[in-house]
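Undergrad: Sequence:
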Amino acid sequence: MHYGMGRHGLIGVIMWAFPIVLVSGIIASVIPIILKWLIVGRFTAGQRTLFSTFVWRGELVDNTAELLAVPSLVRMSLGSPLYNWWARLMGTRIGRSVWCETWWLPEFDLISIEDNATVNRGTVLQTHLFHDRVMSLETVTLGQGSTLGPNSFMLPGSSLGQRSIIRPGSLVLRQDSIPQDTIWSGNPVSHVEKVKPTDVEQHDMQLVHPKS
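Note that our numbering has the sequence shown beginning at 1, numbered continuously upward.
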């Protein structure tokens, strides 16, 4: 008596496994997109109280994306046009030839990544902070050709100028505006050097961190 599915059965399972896993991944990635536009719509800058439905609707979308989309296609597609396409559908403004290797984009609509920018692994583009049970939302912008180094953070309201570079493990504070063609490093960031000679005057290199 012959037991098992045999060689032909095994081949059949393998042939069916790929399309099933692919379709499952697509469905898992699409669900957060649909949910986001149905219950939240477009995120906008402003303030929301902690116990408002807005905050919890946003949390629901964020957790759905992390539990469904990230473990499936999103994690595997980081740094590829496929991931950029997914992030655009979630509301992020992403230019051409962008390398984005992080899914930590909390409020997608408040993030703008311009052409040829690089967002490395382990980075966070933080678009909200809580203070006294109030959620404050601000935009985060990466200019054309700018680079955010691995494991670096950008806080709400911050921006990187064109071709500017943030070195690994650095923190760009809230509402910091990094000048173009410069290199910054540290926690919080401080100016290191120019990328190349520009018309930016020396006093423009002194970044003033807003008082809290």
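Be a bit skeptical, because a hint or two may be false.
Cβ-Cβ distance ranges computed for the label pairs, FRET-style [as the list claims (entries may be wrong)]:
no.: 1; residue 1: Pro71; residue 2: Asn151; range: 27 to 37 Å
no.: 2; residue 1: Gly41; residue 2: Val134; range: 39 to 49 Å
no.: 3; residue 1: Gln175; residue 2: Ser97; range: 26 to 36 Å
no.: 4; residue 1: Thr49; residue 2: Ser97; range: 35 to 45 Å
no.: 5; residue 1: Val134; residue 2: Ala17; range: 26 to 36 Å
no.: 6; residue 1: Thr53; residue 2: Asp132; range: 42 to 52 Å
no.: 7; residue 1: Met15; residue 2: Val134; range: 52 to 62 Å
no.: 8; residue 1: Ile11; residue 2: Thr49; range: 51 to 61 Å
no.: 9; residue 1: Ala17; residue 2: Asp115; range: 34 to 44 Å
no.: 10; residue 1: Gly79; residue 2: Ile14; range: 42 to 52 Å
no.: 11; residue 1: Leu67; residue 2: Ile14; range: 26 to 36 Å
no.: 12; residue 1: His131; residue 2: Asn151; range: 19 to 29 Å
For the record, the hints were derived by calculation from the structure and aren't laboratory data. Here a beta-carbon is modelled for each residue, glycine too, at the ideal position from N, C-alpha and C.
Undergrad: Look at each hint and say if it fits the structure.
TA: Hints, verified against the model:
A hinted range of 27 to 37 Å is violated for the C-beta pair Pro71 and Asn151, which are about 21 Å apart. Restraint check, Gly41 to Val134: a C-beta distance of roughly 21 Å breaks the suggested window 39 to 49 Å. A beta carbon spacing of about 28 Å between Gln175 and Ser97 agrees with the range 26 to 36 Å that was offered as a hint. A beta carbon spacing of about 40 Å between Thr49 and Ser97 agrees with the range 35 to 45 Å that was offered as a hint.
At roughly 49 Å, the beta-carbon separation of Val134 and Ala17 lies outside the given 26 to 36 Å, and the hint is violated. Checked against the hint of 42 to 52 Å, the C-beta distance between Thr53 and Asp132 comes to roughly 19 Å, which is inconsistent with it. The hinted range of 52 to 62 Å is satisfied by Met15 and Val134, whose Cβ atoms lie roughly 55 Å apart. Here the CB-CB span from Ile11 to Thr49 is close to 58 Å, well matched to the stated 51 to 61 Å.
Take Ala17 and Asp115: their Cβ atoms lie about 38 Å apart, and the range 34 to 44 Å holds. The hint said 42 to 52 Å for the Cβ distance between Gly79 and Ile14, and at roughly 28 Å that hint is violated. For the pair Leu67 and Ile14, the beta carbons lie near 28 Å from each other, so the given range of 26 to 36 Å is met. For the pair His131 and Asn151, the beta carbons lie near 25 Å from each other, so the given range of 19 to 29 Å is met.
In terms of the numbered hints stated before, the structure departs from hints 1, 2, 5, 6, 10, listed from lowest to highest.
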